[in-house]
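Colleague: Quick note on our numbering: the sequence shown kicks off at 202 and runs consecutively.
Simulated from the structure, these hints should not be mistaken for laboratory data. Incorrect hints may have been included.
[Said to hold, decoys possible] Think about it this way: if two alpha-carbon atoms lie no more than 30 Å apart in a straight line, the pair counts; the simulated DSSO-like pairs of lysine-lysine are:
#1 273 x 354
#2 354 x 270
#3 306 x 327
#4 332 x 225
#5 294 x 327
#6 205 x 225
#7 354 x 306
#8 294 x 358
#9 270 x 306
#10 270 x 324
#11 327 x 358
#12 270 x 355
#13 324 x 273
#14 327 x 273
#15 259 x 355
#16 354 x 314
#17 324 x 314
#18 294 x 355
#19 314 x 294
#20 270 x 259
#21 354 x 205
#22 355 x 314
#23 355 x 265
#24 355 x 205
#25 270 x 358
#26 259 x 273
#27 324 x 355
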Amino acid sequence: MTSKIDFLNLSLQDALDLAILIEKEAEERYQEFTEMLGGRYTGDATEFFETMARNEAKHGDQLKDRREKLFKNAPSQVHRDMISDVEAPDYGKPRSYMSPHQAMKVAIECEAKAYSFFVEALKSVKNEEVKALFTELRDEETLHQQMISEQLKKLPKDDGTPDKSDDDLDEPPAL
């Protein structure tokens, strides 16, 4: 069950802890996708999800360093049950024969979800330091979307047909 976050009274320490958890959740979800899909060839969707997991981990580490400089080892008041799928891709998104093009579209959706989260949170945040952090994080999500979009343009276009494998079929075959 997800606990509600009190954005009105969120401290900078809590905001950093929240951001770290969001990055960790996204990193873990991308890692799960790489395990689900398995690598087939250089440049496939799995390779892209591995790259996204590394990026989320790097961003999380940067936030941890920042928190440690400001708050040392102060215990966190924010817990994993307070977030759910803020930036992490939905479990139903990966498919067995997903193309890199489709994987990047999933990543753009995730960055857009995170952007929306920070936009909504900023409506309630009163603490100026938290506002500054969330504004920075919101803007980073915009940059991430742009970077992925640029990479997407370099890929061949998909033919528009959804990926289907035997375990992806929603309906039994017609007899």
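Colleague: All hints are to be evaluated individually against the structure, with a verdict given for each.
Modeller: Hints and how they fare:
{"no.": "1", "hint": "273 x 354", "in the structure": "43 Å, violated"}
{"no.": "2", "hint": "354 x 270", "in the structure": "39 Å, violated"}
{"no.": "3", "hint": "306 x 327", "in the structure": "34 Å, violated"}
{"no.": "4", "hint": "332 x 225", "in the structure": "21 Å, holds"}
{"no.": "5", "hint": "294 x 327", "in the structure": "35 Å, violated"}
{"no.": "6", "hint": "205 x 225", "in the structure": "19 Å, holds"}
{"no.": "7", "hint": "354 x 306", "in the structure": "11 Å, holds"}
{"no.": "8", "hint": "294 x 358", "in the structure": "19 Å, holds"}
{"no.": "9", "hint": "270 x 306", "in the structure": "36 Å, violated"}
{"no.": "10", "hint": "270 x 324", "in the structure": "27 Å, holds"}
{"no.": "11", "hint": "327 x 358", "in the structure": "44 Å, violated"}
{"no.": "12", "hint": "270 x 355", "in the structure": "39 Å, violated"}
{"no.": "13", "hint": "324 x 273", "in the structure": "29 Å, holds"}
{"no.": "14", "hint": "327 x 273", "in the structure": "24 Å, holds"}
{"no.": "15", "hint": "259 x 355", "in the structure": "24 Å, holds"}
{"no.": "16", "hint": "354 x 314", "in the structure": "21 Å, holds"}
{"no.": "17", "hint": "324 x 314", "in the structure": "16 Å, holds"}
{"no.": "18", "hint": "294 x 355", "in the structure": "22 Å, holds"}
{"no.": "19", "hint": "314 x 294", "in the structure": "14 Å, holds"}
{"no.": "20", "hint": "270 x 259", "in the structure": "17 Å, holds"}
{"no.": "21", "hint": "354 x 205", "in the structure": "38 Å, violated"}
{"no.": "22", "hint": "355 x 314", "in the structure": "23 Å, holds"}
{"no.": "23", "hint": "355 x 265", "in the structure": "33 Å, violated"}
{"no.": "24", "hint": "355 x 205", "in the structure": "41 Å, violated"}
{"no.": "25", "hint": "270 x 358", "in the structure": "45 Å, violated"}
{"no.": "26", "hint": "259 x 273", "in the structure": "19 Å, holds"}
{"no.": "27", "hint": "324 x 355", "in the structure": "36 Å, violated"}
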